[in-house]
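For the record, the sequence lines run as chains A and B. Residue numbers 0 to 238, in numbering that gives the first Met the number 0, belong to the letters of the first sequence in order. Residue numbers 0 to 336, in numbering that gives the first Met the number 0, belong to the letters of the second sequence in order.
No lab work stands behind these hints: they were computed from the structure. Check before you lean on any hint, since a few could be wrong.
[Stated by the list, open to error] Pairs of lysine to any residue residues, derived as SDA-like cross-links and limited to a Cα-Cα distance of at most 20 Å, are as follows:
1) K79/B x S228/A
2) K79/B x G48/A
3) K120/B x R47/B
4) K7/A x T179/A
5) K307/B x I37/A
6) K35/B x Y97/B
7) K79/B x H233/A
8) K307/B x E25/A
9) K79/B x Q232/A
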Amino acid sequence: MPNALPEKTLLTLADTCLLWGHRLSEWCGHGPALEEDIALTNTALDVIGQARALLQLVAARRTPATTEDALAYFRDSHEFRNVTLAELPNGDYAQTILRSLLLAAWFVPVWEALEKHADRQVAAIAANAAKEARMQLRHAHDWVVRFGDGTPESRQRIEAAIGALWPSCAELLDTEIDGTARDARRAAWSNVVAAAFDEATLTFPVVGALHEPNSAHADRFALLAEMQSLARQHPDAVW
Amino acid sequence: MYTQSLDLPNTDAGNTDSAGLPTEAAFLARIARDEKIEPQDAMPEAYRKSLIRQISQHAHSEVVGMLPEGNWITRAPSLKRKEILLAKVQDEGGHGLYLYSAAETLGASRDDMIDALHSGKAKYSSIFNYPTDSWADIGTIGWLVDGAAIMNQVPLCRCSYGPYARAMIRVCKEESFHQRQGFDIVRALCEGTPAQKQLAQESVNRWWWPTLMMFGPHDSDSEHSGQANAWGIKRISNDDLRQTFVDVTVPQAAFLGLTLPDPLLEWNAERGHYDFGPLDWDEFWRVVRGDGPCNAERLNDRVEAFEKGRWVREAAVAHAARHAARAVSIASEKIAA
Ligand SMILES: [Fe+2]
Ligand SMILES: [Fe+2]
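The shape of chain A in the complex, shown without the other chains (with noise of 0.2 Å):
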């Protein structure tokens, strides 16, 4: 196929929803009230069901063909292509609430490229991607005001969090994705990040120099390891 988007860019944007969304929905039946619940949950719902339409994609384009069980749960950690971002513990809910502003933000502009990209399987996933993102976006964003401009304690958990968050930032924006321009979605995502912070009274800080990536995924090596527990002990299952 002459238009299609590549394999690495595809598993890229798989791997970092299924990642999240696995974070996500560690919350499940336990966020702090039962209608953060539900929302977190919905976003869960969504990353993973984005997740799912991409890796159908590459498993059906690979010769020969695969299955997106294959490919969540029988590659190995380094086979996994996710932003680091995806794949950090969910910290409190500031810092999960400040990851999905950062993806998000991230995303959108992401999903908006992609939605006019001439790989019109792509272009469908992204399309439909790009409306839940921007609820996402929005969530988030109403949250982090409400911490920043809340309670002294809630203040200090979200500046905590982005003190723990923010190295991580570099290796995000610099993350290549086919069919977008870096730069620009650079610019869109400061900006939107930006004003969520200015709105909460938040100080935004600049976005260091990419260190040398943490080859290490330890974090990714733990969550995998529970994610694909059971269907590894079963090889040969169906379920």
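Keeping the supplied structure of chain A fixed, place chain B with the ligands upon it in accordance with the hints.
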């Protein structure tokens, strides 16, 4: 089960009506005519309290019920099963939300209801005090536990209290999806490898008796069933519901090629029903009173989530209050100008 509160001693419902309320006879006559009682209607205080107790404990059951199944979301063995399970557990949270709202129409506050759960004063369905040791338990819970819940809740759709009846109609639609997805998990296991089939059989062995206990004590031992019947809250007796459940489930187990762990289970042509063995009522009361395998863990998880979320809720309230105050001061400046 979800109506467990109707079977247990009622510590706070009084019997006397204050002045101005309808006589018990007039109220019972409305119920006998199958009229729905709505929030603004006069009602005996004992009816109101009994409903708050019933609806709030039903809500708690939905929310605590998220925990045993939530335990397998991160390990679901395929992405499709993971999505379905997430949606299912999310539905249970939604059920909790409608039910807390239905109880609020009777003047209860969500905070007070949650306090009662966390302090151990309010109960929730005992079935959620059993552990989910294997993936097969996710299938068994959907098939048997949600199946029993449907059987118990369908009659509640005709409950005399309007908001509860309407909440139940919505809930029951989703419960039937829950039961189908559970049955489908068990079916896949039974059609799978010998190891998968064994997981299914072991799971059914563990869940069968606790599921039958969900229908509550024998009618002769149920403290509130009589009053709840007269008020049109509960319409079918514990033993009748349990019998219907057994009659419906035995052929399903046979279809799956699973056995049910009861040597006395046998078709009785004369009665037109399955006979089944005696339930372990000692176990039932032990779990109800807090000594089940996971009572402490479940309550602990709920309290922990609530306490960890406290600062989040406080931030939302503080932000909203400050925002409202700003809006008022801008408005008053405009008026002054
Ligand atoms: Fe439910
Ligand atoms: Fe259910």
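Comparing the hints with the structure gives:
Proposed proximity of K79/B and S228/A is supported: the alpha carbons are some 16 Å apart, at most 20 Å. This hinted pair checks out: K79/B and G48/A have alpha carbons roughly 9 Å apart, not beyond 20 Å. Between K120/B and R47/B the alpha-carbon distance is near 18 Å, which keeps this suggested pair within the 20 Å criterion. At most 20 Å may separate the alpha-carbon atoms for a hinted pair to count; K7/A and T179/A meet this at roughly 14 Å.
Annotation: proposed proximity of K307/B to I37/A holds, straight-line Cα distance about 17 Å (limit 20 Å). A threshold of 20 Å between alpha carbons decides the hint, and for K35/B with Y97/B the separation of about 18 Å falls inside it, so the pair holds. Distance check on the hinted pair: K79/B and H233/A sit about 17 Å apart at the alpha-carbon level, within 20 Å; holds. With a C-alpha separation of about 15 Å, the suggested pair K307/B and E25/A falls inside the 20 Å cut-off, and the hint holds.
Using a Cα cut-off of 20 Å, the hinted pair K79/B and Q232/A holds, with the two alpha carbons roughly 18 Å apart.
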